[in-house]
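Undergrad: Quick note, the sequences are listed as chains A and B, same order.
Under our numbering, the first residue of the first sequence is numbered 1, with each subsequent residue one higher.
Under our numbering, the first residue of the second sequence is numbered 1, with each subsequent residue one higher.
The hints are simulated quantities; they were obtained by calculation from the structure and are not laboratory data.
Mixed in with the good hints, there may be bad ones.
Partial list, computed: chain B residues near chain A (C-beta under 8 Å) [as the list claims (entries may be wrong)]:
no.: 1; residue: 23
no.: 2; residue: 59
no.: 3; residue: 63
no.: 4; residue: 109
no.: 5; residue: 113
Okay, derived cross-link-like pairs now, DSSO-like style, lysine-lysine, Cα gap no bigger than 27 Å in a straight line [claimed, not checked]:
no.: 6; chain 1: A; residue 1: 175; chain 2: B; residue 2: 171
no.: 7; chain 1: A; residue 1: 175; chain 2: B; residue 2: 7
no.: 8; chain 1: B; residue 1: 2; chain 2: A; residue 2: 182
Over 12 Å on every C-beta distance to chain A, these chain B residues come out as not near it, computed from the model [unchecked claim]:
no.: 9; residue: 6
no.: 10; residue: 14
no.: 11; residue: 58
For every residue, glycine included, the Cβ atom is placed at its ideal position computed from N, Cα and C.
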Amino acid sequence: MEIKDDNPESRLLYLAMQGDKNAFGSLYMHYLDEIYRFVYLKIGDKLVAEDITEDTFAKTWESLPRIYKKKETIHNLRSWLYRIANNLVIDFYRKRKPIENIDFVKPENAPMLEESLVENELSDQLARAIRKLSSDFQQIIILRIVNELSHKEIAPIMNISEGYSRVLLYRALKKLKRILQKGRDA
Amino acid sequence: MKEPFEKVLEVCIEKIEHGYTTIEECMSEYPQYQNELREMLPLVNSLKTLKSMKASRSFSNNARNRLIENLPNIPVTFFVFIRHLYKKQLFYLRRRLYMPQIIISILVILSLLVGGSYTVQAAGPGDLFYDLDRAIEQTRLRLTEDPLKSITLQLQQATERLEEAETKLRKGRVDDALDALVAYDEALTNTSKYIEDVQNLNRETLRSMIQEELALQQGTLNRIRLSWPEDAQARNAYQNALQRSNMGADMLLGPPEIIPKRPSEDAPQGPKQEDAQGPNEEVTQDPNKEAPKGPNQEPPYGPKEDMQKGPVNQTP
């Protein structure tokens, strides 16, 4: 297998596929927060989200030799990671009921000013509303709006076309708006 | 041509993301979707705040080291495999290689234990494990402290001898069957001696127990009789066994008079006791003379010496 791209991520991945743990550790740190956010917004529990994030990378590491032996490569590591994370979230929900009351994790070292309190409250409200959406709607909002992936990147993760990804985003935002509206009315 | 709203929304989101435009500018750029954009774009902006969410610092700080420590060493190429082998880091792989051997060994040991104990248990005269079987029986007997339990065990072992004789006979191994019958005779003699030596036994319980076991033995003896070959030596051994069994509880316990009885019971039992005592007492003194005869009406013979002499000289 040869490195087709010359970017640092491809190099790190190539080394990781040869068993270099440090290279894989660097990739882990690069994607940690992104994957954590994706999992946390779907699960709503800080500790579980951290565990699932770690598991996502452990599972990726385990599958690397298999891919290497087939003389293949992971063309899109990000999409690969999201798919594994999503499967782990599904497994988690199969085993456990969703957690209703979540604790929003505020960025550490941030002063607890009135403004940030309001911001936290808003984020908490949004996170709760997201969890009330269907899995597809959750995923499209987190991937496109929160994690800022393009529809081109989202399509292989969700196994849909780019066009449908756009439609899905619109529907998801509409549904989310309705949920938030209901919450305010109540 | 009117652009679909999904596309317009995407364009606006992208432009706002990169800081090229604002919500208001976007709404004025697409007046036909003004209402929808007014509804969606502020929500998108609010959702952007969620991007500040991060894993806790305590988790992030050690995340890299923790993951690296927990990742298993997976050799991906032949050379890496050799390197791992050289470094003796293949414990995981070795364990996987050894597992089938370990499982097979456990299965073999288990089958030997289970099958072996069954083989020993089922061994009869002439079998490889017969001596071992007898040795185990003797050990069990020595370990039994309760006299009543010991007698039960001895009687069960005698029954087992008879069953061995029956099995051997069915297989056509007459010599082995003869050995089993001699062993049966010995077992009953030993039991009789043991009962004589032991004091303070509940005689009534003992008698009923012995009778029960002897009834079983009688059944086996009858089956043996039906399939016994017309051979003088064999008949001789069979007669001995039958005689022992017929003598039953009286032989093992001695005459019934030794059983303590209430005075009121003595009178009606008088004549019966005499009847019972007569032959039994004589049998214990000299079984060759007066012992009860078997179905063929042939005289019984002593246990072992008589057999060795041969039945020709002894038969009247």
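Undergrad: Decide, hint by hint, whether the structure agrees.
TA: Going down the list of hints, with the structure as the test:
For residue 23 of chain B, the suggested interface contact is broken, since its CB lies about 14 Å from the closest CB of chain A, more than 8 Å. With 8 Å as the threshold, the beta carbon of residue 59 of chain B comes within range of chain A, its nearest partner Cβ sitting at about 5 Å, so the hint holds. Given the 8 Å rule on beta carbons, the hint for residue 63 of chain B holds: about 6 Å separates it from the nearest Cβ of chain A. Because the beta carbon of residue 109 of chain B sits about 34 Å from the nearest beta carbon in chain A, more than 8 Å, this interface hint is broken.
Interface hint status for residue 113 of chain B: violated, as the beta-carbon distance to the closest one in chain A is roughly 39 Å, over 8 Å. Proposed proximity of residue 175 of chain A and residue 171 of chain B is contradicted: the alpha carbons are some 86 Å apart, above 27 Å. Restraint check for residue 175 of chain A and residue 7 of chain B: the C-alpha separation of about 18 Å stays at or below 27 Å, so the hint holds. With a CA separation close to 32 Å, the supplied pair residue 2 of chain B and residue 182 of chain A exceeds the 27 Å bound.
With a minimum CB-CB distance of about 4 Å to chain A, residue 6 of chain B fails to clear the 12 Å threshold, and the non-interface call is violated. At roughly 8 Å from the closest C-beta of chain A, the C-beta of residue 14 of chain B falls inside 12 Å, breaking its exclusion from the interface. A beta-carbon of chain A comes within 12 Å of the beta-carbon of residue 58 of chain B; the shortest separation is about 9 Å.
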